[in-house]
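There are 2 protein chains.
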Amino acid sequence: MKNSDTIFMKQAIELSQKNIESGRWWPFGCVIVKDWVVIGQWANGVTSLNDPTAHAEIQAIRDACTKLWDFQLQGCTIYTSCEPCPMCLGAIYRARPARVVYANTKTDAAAIDFDDDFIYQELKLTDYWARSIPFEHIHSQEALDVFVAWKEKDDKIEY
Amino acid sequence: MKNSDTIFMKQAIELSQKNIESGRWWPFGCVIVKDWVVIGQWANGVTSLNDPTAHAEIQAIRDACTKLWDFQLQGCTIYTSCEPCPMCLGAIYRARPARVVYANTKTDAAAIDFDDDFIYQELKLTDYWARSIPFEHIHSQEALDVFVAWKEKDDKIEY
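Quick note, the sequences are listed as chains R and E, same order.
Residues in the first sequence are numbered from 1058 upward in steps of one, following the working numbering.
Residues in the second sequence are numbered from 1058 upward in steps of one, following the working numbering.
Treat each hint with caution, since some may be false.
[To be verified] Chain R regions said to be covered by chain E (calculated; three or more residues, Cβ under 8 Å):
| # | segment |
| --- | --- |
| 1 | 1087–1094 |
| 2 | 1182–1194 |
[Stated by the list, open to error] Each computed DMTMM-like pair below joins lysine to aspartate or glutamate, with the alpha-carbon atoms no more than 25 Å apart:
| # | chain 1 | residue 1 | chain 2 | residue 2 |
| --- | --- | --- | --- | --- |
| 3 | E | Lys1181 | R | Asp1165 |
| 4 | E | Lys1091 | E | Asp1172 |
| 5 | R | Lys1059 | R | Asp1092 |
| 6 | R | Lys1210 | E | Asp1120 |
| 7 | E | Lys1124 | R | Asp1120 |
| 8 | R | Lys1075 | E | Glu1071 |
| 9 | R | Lys1163 | E | Glu1209 |
| 10 | R | Lys1181 | R | Asp1170 |
| 11 | E | Lys1210 | R | Asp1172 |
| 12 | R | Lys1091 | E | Glu1193 |
| 13 | R | Lys1067 | R | Asp1172 |
Please keep in mind that the hints were generated in silico from the structure rather than gathered at the bench.
Ideal Cβ positions, reconstructed from N, Cα and C, are used throughout, including at glycine.
Generate the whole structure from the sequences, applying the supplied hints.
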């Protein structure tokens, strides 16, 4: 824990506070910092933007990556007012920041009816028909051919 | 499996094909359908938009939700050229479509170096210090107070 962590976390929490004051929007805020400068910040926009992916972390990652014009957040710290949900965890691993700092826990979130546990349980199901949303497989040679064509490209951008 | 599934999956695969033909972009496409009409579609935009969250599914969900002006995809089917990664799975559970149909599997994706297994393993770690990206907790009464304030609002939009 660093002294600057408290300052940037305060900004993330203020975003969550302002979001509920602005309307009926959800109480989550996120700030992304590189070299002590805020390069991305957002509050939850699910109900204000009608976008189920617009969690504070996803929005702040998009904001920071636009500023850096890079699809990786190397050396950055993500400050989020609440422990990230599975979608945002996945996004964070895709963005590869140096570290993540959070305030409220997923238990705190469950107590106000934002319960991620259901999604964690669904992700563990290897029998896809047992999921609450059915996931059905179509075998397609065309889809596989696209993968092979991509693998054989010389100028592709690797991850 | 329905007859229309093959038609819409073909469109998703075509998006993935066009994406690699357009540049050095990644081979994934997604189409979202409601009442036999395509209401959202995208190919992977990570390297073209410099946005690590711009997987085909996330982009198509945003597109469809904008068209419907709703943060839920009730009654929709998501056709994706490849089995969704953990981030996109989380997004799909947030969007709540009726079903998901995919072509290439995560094993096919791993074979061309898009390996999700690492993220699945990280998500399972309950000791957050064992994660490759450190997740650190700051206890904050202010953050908890925002949650309580939201819970007590009468006009909030529930999930």
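How the hints compare with the structure:
1. 1087–1094: violated (count 0)
2. 1182–1194: holds (count 5)
3. E/Lys1181 with R/Asp1165: holds, 20 Å
4. E/Lys1091 with E/Asp1172: Status violated; Cα separation ~31 Å.
5. R/Lys1059 with R/Asp1092: Answer holds: R/Lys1059 to R/Asp1092 is near 13 Å, not above 25 Å.
6. R/Lys1210 with E/Asp1120: Distance of about 29 Å is beyond 25 Å: violated.
7. E/Lys1124 with R/Asp1120: holds, 23 Å
8. R/Lys1075 with E/Glu1071: Outside the cut-off at roughly 43 Å; violated.
9. R/Lys1163 with E/Glu1209: holds, 19 Å
10. R/Lys1181 with R/Asp1170: Holds: R/Lys1181 and R/Asp1170 sit about 21 Å apart, inside 25 Å.
11. E/Lys1210 with R/Asp1172: holds, 18 Å
12. R/Lys1091 with E/Glu1193: Holds, at about 17 Å.
13. R/Lys1067 with R/Asp1172: Within the cut-off at roughly 24 Å; holds.
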